[in-house]
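Q: The listed protein sequences derive, respectively, from chains A and B. Quick note, the first sequence lines up with residues 0 to 264 if you use numbering that gives the first Met the number 0. Quick note, the second sequence lines up with residues 0 to 240 if you use numbering that gives the first Met the number 0.
Simulated from the structure, these hints should not be mistaken for lab results. The beta carbon of each residue, even a glycine, is placed where N, CA and C say it ideally should be. A portion of the hints provided could be inaccurate.
What the hints assert, rightly or not - Listed next, with one range per pair, are the computed distances between beta-carbon atoms:
#1 A:Asp243 with B:Leu170: 31 to 41 Å
#2 B:Ser156 with A:Leu190: 51 to 61 Å
#3 B:Glu30 with A:Ser147: 38 to 48 Å
#4 A:Leu135 with B:Ser156: 28 to 38 Å
#5 A:Ser150 with B:Asp143: 19 to 29 Å
#6 A:Leu135 with B:Asn223: 46 to 56 Å
#7 B:Phe159 with A:Val258: 43 to 53 Å
#8 A:Ser94 with B:Tyr144: 54 to 64 Å
#9 B:Ser156 with A:Ser147: 45 to 55 Å
#10 B:Asp59 with A:Tyr217: 50 to 60 Å
To be verified - Not close to chain B: a few residues of chain A, all C-beta gaps over 12 Å, as computed:
#11 Ser155
#12 Gly187
#13 Tyr192
#14 Tyr221
So you can see what is in the structure, the chains are spelled out below.
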Amino acid sequence: MESRVRILFLKVLLAICILPCICSGVAFAADEATKTENSIDVKDANKSKTETDQSNDPDAIQFTPAIIEDVKHLQVEQGSDQVIQPKVRRRNLISLDDVESEDIEFGPYGGMLSTEDFGVNAVAGVRLAYHFSESLFAELTAALSKTSKTSYERLSGGANLLTADERKLTYYEVSVGYDMLPGESFVGKWLAYNSAFYVIAGAGITHFAGDDHFTFSYGAGYRFMSTDWLAVHFDVRDHMFSLDLLGNKKTLNNLETQVGITVYF
Amino acid sequence: MRTLFLVLLLFSGNVLAEGVAQIRVTRPYLELHTGPGEGYPIFYVVDRGEYVDVLVRKTDWFLVRTRKHVEGWVSRAQIEETTTTTGEKAELKELSLNNYSNRRWEVGLVGGIFNNSPVMTFYTGYALMQNLSAELSISKVTADYSSSQLVNFNLMSEPFNDWRYSPFFTLGIGQIQTKPRTTLVLVKDRTDFIAHVGVGVKAYLTKRFILRAEYKNYVAFSSNDKNEEFEEWKAGFAFFF
């Protein structure tokens, strides 16, 4: 049940994030994917059924608690060879290697980005992370923001440094993070949620003022696991890049605060 | 973006695979932690002989549910000390160097220095033969007075790809497009053909991951009859499947 909710959530999330980019292709691709997924399900079910049927050691399977628990009802059928015909619904047992792995995180985030000299503006992005181990992860982020006018532009009246298009800021970054303080957060007496404080650093490219700028970023964040598969992130990052737009070359420190949600799958 | 979407669909397929793995505790007891990590406290122990359901895996931790519906996280080491319902030892297959030698696709992100400026490269490779791959890469160089985009195609020969640290050689061609900074006026965009040779080393890290470091020497056939040479040093991660 839980995983159904998650799939729904994931698909809604995907739709929100990707629909504007590939409006036409999505519906078709999703349709195709659902078909394939369904057919795999049926195939898997059949496969495991045959496996159970052909098992050389039926006794070992018959007496496991899982089977006993799943005996839904016994049916008495008169006229058949057996007086009591047990109707057993066997559970779909899978191997340990097939246990669903949840090492990938995906989700949107939003917040405020202070672009030095160009005001504090809203920023929106998406994050995709992969957890190598219980404490180490890699993260890909892409976000966009629209910067505002510098004080100089506002005071001088008409002198615009950038065109409307050049004011848009986009960044793409790849980072490595480390869960430094994993732990639990408590809400009242009965509720405990897993959480982690992590540090993160990375590099990427920022497109701003008509040019691409090599960007170095670092920061820290807090991950709150509201369930085992849904996390809420609170992050602070500094994106550093050089800009020579205002005469001399200057390293900009662009601080960003963001809140995001991610789904593990 | 479309690739990302497809990758996501691929992984969301796993979510649909309904079913549960079951194991029997054969070590003295099984420790259940409150979270998927060594530091989370142990809050419950399952006795020897009991059966538990394995629901989900997070890196090397497994979420299990006992008969009494207690859920907790068990380390991989302890899981491997149990047996399956048919009495076999519960072993987990691990991807190894052998999987790398027989890989088909490789996708990676590497960064470094191109002609004294930062460069970031995304590449994908396809193994034509065990020791020969075709690679396509897109790089972005952000220099002080310009930014360039490189699209490269190269062949990569990796004679000893069953070694943990394996050297490789590349040979390829491509195109470099240089765009001057918008603050510079009267300089035009330039597009040149390039050829390159390279040498590097790959290190098999874990699971599906490898480290890659390389050096490349580029020759750009510029339109003003004077060829330019660039040097590039890069390192980064890649995963294969």
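Q: Look at each hint and say if it fits the structure.
A: Hints versus structure:
1. A:Asp243 with B:Leu170: 31 to 41 Å: 37 Å, holds
2. B:Ser156 with A:Leu190: 51 to 61 Å: The hint (51 to 61 Å, Cβ to Cβ) holds, given that Ser156 (chain B) and Leu190 (chain A) are roughly 58 Å apart.
3. B:Glu30 with A:Ser147: 38 to 48 Å: 55 Å, violated
4. A:Leu135 with B:Ser156: 28 to 38 Å: 32 Å Cβ-Cβ, so the 28 to 38 Å window holds.
5. A:Ser150 with B:Asp143: 19 to 29 Å: Distance hint for Ser150 (chain A), Asp143 (chain B) holds at roughly 26 Å.
6. A:Leu135 with B:Asn223: 46 to 56 Å: 48 Å, holds
7. B:Phe159 with A:Val258: 43 to 53 Å: 48 Å, holds
8. A:Ser94 with B:Tyr144: 54 to 64 Å: With a Cβ separation near 58 Å, Ser94 (chain A) and Tyr144 (chain B) satisfy 54 to 64 Å, so the hint holds.
9. B:Ser156 with A:Ser147: 45 to 55 Å: Roughly 52 Å apart at Cβ, these two residues keep to the hinted range, so it holds.
10. B:Asp59 with A:Tyr217: 50 to 60 Å: 27 Å, violated
11. Ser155: Check passes; 18 Å lies beyond 12 Å.
12. Gly187: 17 Å, holds
13. Tyr192: The assertion about Tyr192 (chain A) is violated, with a minimum of 9 Å to chain B.
14. Tyr221: At about 15 Å from chain B, Tyr221 (chain A) clears the 12 Å cut-off, so the statement holds.
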